[in-house]
Amino acid sequence: MFARVVWLVLRKDLMVEVRSLEIAYTTLFFAVSCVLVFAFALVREGRAPEDGAAGILWISIAFSGTLALGRAFERERQSETLRALLLAPAPRPAVYVGKLLGIVALLAAGEVVLVPLVALLFQAPLFDRPVWLATILLTGTIGFSAVGTLFAAMLVRARSRDVLLPVLLYPITVPVIIAGVRATTTLLQPELEVEVLRFWLALLVCFDVVFVTLALWTFEPLMTD
Amino acid sequence: MNTGEARPAAFDVLTVEDVSRHFGRRRAVSRVTFSAPQGTIVGLLGPNGAGKSTMLSMLATLIQPSAGRILYGARDAVSHGPGLRGLIGVLGHDLFLYPELTARENLEFFGGLYALADPKAAATAALERAGLLDRGDDPVSSFSRGMRQRVALERALIHRPRLLLLDEPFTGLDDASAAGLVARLRTIADDGTMLVVATHDLDLVDGLFDRAVFLRDGRMVAEEDRPSALRATYRDVMTRPQQAGPTNRAGT
Amino acid sequence: MPKWFVPAAVVCAVMMAVAPVLIANAPYESTMGLVQKIFYVHLPSAWVFLTAAIVCGIASARFLFGADPRQDRLAWAAAELVVVFGIITLVTGPLWARKAWGVWWQWDVRLTSSLMGWMVSVAYLLLRQFGGPGSDKLAAGLALFGMANVPFIYISVNYWRTIHPTTSVVPTLPTSFGLPLWFSAVAFMLLFVLLLKMRVRLEEQRARLDSLYLSADA
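Chains as they are written, first to last, in my numbering: chain W, 1 to 225; chain U, 226 to 477; chain X, 478 to 695.
If we strip away everything but chain W, and leave its shape as in the complex, we get (with noise of 0.2 Å):
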């Protein structure tokens, strides 16, 4: 039952995707609108800072990952769906994570155009070492998805829910930042030091692993009045 909830909500959410594209190409924009943004701030002398490529890199995934997660959560509060998604008799925390999986994704997918243009514009190394690249990534979005998700789901009934989301998400997904830099600029240095690599990316996990526990906990409380 769980998981087919699961399924059912995340292949909806995709197809509703699919039809208009509209968060898709938006976020897209946005995210690469905002490095376009770090680069002309940082650029010196012609060129720009080598060492601001992992920082840049996750502020604009946290930036248009916020801005896709309000425009998710819009879309549901439209014909009141979301409520008719707490109606029916499906396990709430399974709504949840049909709707993390598919923020995920999204993000993924700005990603995939986010990261050569940063390696490209700040002449950074990223795709080296493309296995742990990805994962780095994917955990990290994970736990930005995870906190994220949960807030804008709680949010869409509240007021001024478009500027409390980023003031609500950011400081607690402070530790995916830090960690997701951290691991990220090491990983462009010449040589590897696994050991700090392994380090940030066990932080990373249990972060995910904690968050999205606290998250199905909370899930039904948050949702009922």
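No wet-lab data here; the hints were simulated from the structure.
Glycine included, every Cβ here is placed at the ideal spot set by N, Cα and C.
A few of these clues could be false.
[Claimed, not checked] With the C-beta cut set under 10 Å, the calculated list includes, among others, these residues of chain X facing chain W:
1) M593
2) A600
3) L603
4) G611
5) S612
6) L619
7) N626
8) Y636
Model the placement of chains U and X on the given structure of chain W, informed by the hints.
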């Protein structure tokens, strides 16, 4: 107990006992009592802000009452567990349909969510009942309000609920569609379902209700069995001066 | 107000009045000089900051899973005090650090964790203020997440070097340092309890007023 897979015991009467709900200082619903046995249509009538939507949300188990109880059969929502939601269908004011998906996809999705054995077949049957089989593969955003209403009603009924809650179902319908909806509701009730309809379109529903509950500022100001001449009663009841104290019951 | 409130308030006021005397008479710390005295305000307020955060977190958890409105009032009051004492800590800290070590701010473990914890409590207050109805539960959820967050920040920043003095400074101090510090700490804690009680009481009165209003014509 409930695994969510097995359907909980179906109930044959809905009882609302002295139910109140407030938000901070604002009294949304205040001490409302009525009951709806199998096969009856109860009307919640009142102006905007009277508390009809809040009452329906409580009946749908989305909001808990601040005071009083709502009993489905002999037990309340908490003791039934989450499976109870599988016995309730809701037609909201905002229709609960994904505009980007087709009518068929919407119905199949909700059919799957309500754990139907064959969502695809159920969706086709639902489209047929709505008379929209030929438009089944068009996105809902291309439908008129009346067509969307029909799909939304089928969505609410796809899992054959015991209790059907409708919030302002006549909004934006033309006369023919409204008459069709009234006939449809009567058929559904005759099948054994309990219906609670919140509306302020009194002219359309004359003769539909087995019981009418009049709400004003969250309070129940009158209750009538087999009401006739709804508009006259409504005007009379609503312009009566507000009195604190027991509600008035115009009986059979 | 409960019976103990006024006597406690008097005691607290007296302690606050006496504290500067004790602080002034404490011996000069040889390397840092006069500025080091701010330590007697910084450390106690940091302790209160931490205590308030823990109170807020626990009350939020209990409210979220138990729906007891008293826990909600407690959590809100505690969150406000986290912000207040956090400001005191985060201002006195850099003032001291500037003189003692020459930098206003350093991204080490304690500073970063404190700052982020403070940010979460500000977000809590913003949510309660601007979130509309139902934001009490949402804020409780935020507080829980904030609490769960702190170990991660601590661990991640701890992986770097830190220049913040370790708490072992306290036990090894000679009593002439020790007495003003503990005196200050007790005074601050007492102040915290008094403020918390006052604030919770305000919310209790508000809730009672609401229920009176609601039952006025039921």
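Taking the hints in turn, this is what the structure says about them:
For M593/X, the shortest C-beta to C-beta distance to chain W is roughly 6 Å, which falls under 10 Å, so the interface hint holds. Given hint, A600/X at the interface with chain W, holds; its Cβ is 5 Å from that chain's nearest Cβ, closer than 10 Å. The restraint placing L603/X at the interface with chain W holds, with a minimum CB-CB distance near 6 Å, inside the 10 Å limit. About 6 Å separates the beta-carbon of G611/X from the nearest beta-carbon of chain W, less than 10 Å, and the hint is met.
The closest approach between the C-beta of S612/X and any C-beta of chain W is roughly 6 Å, which is under the 10 Å cut-off, so the hint is satisfied. Annotation: L619/X was flagged as interfacial toward chain W, and the flag holds, the nearest CB pair being 6 Å apart, inside 10 Å. A least Cβ separation of about 5 Å between N626/X and chain W falls short of the 10 Å threshold, and the interface hint therefore holds. Residue-level restraint check for Y636/X holds (minimum Cβ-Cβ distance to chain W is 7 Å; threshold 10 Å).
Hint check: no violations occur; every hint is consistent with the structure.
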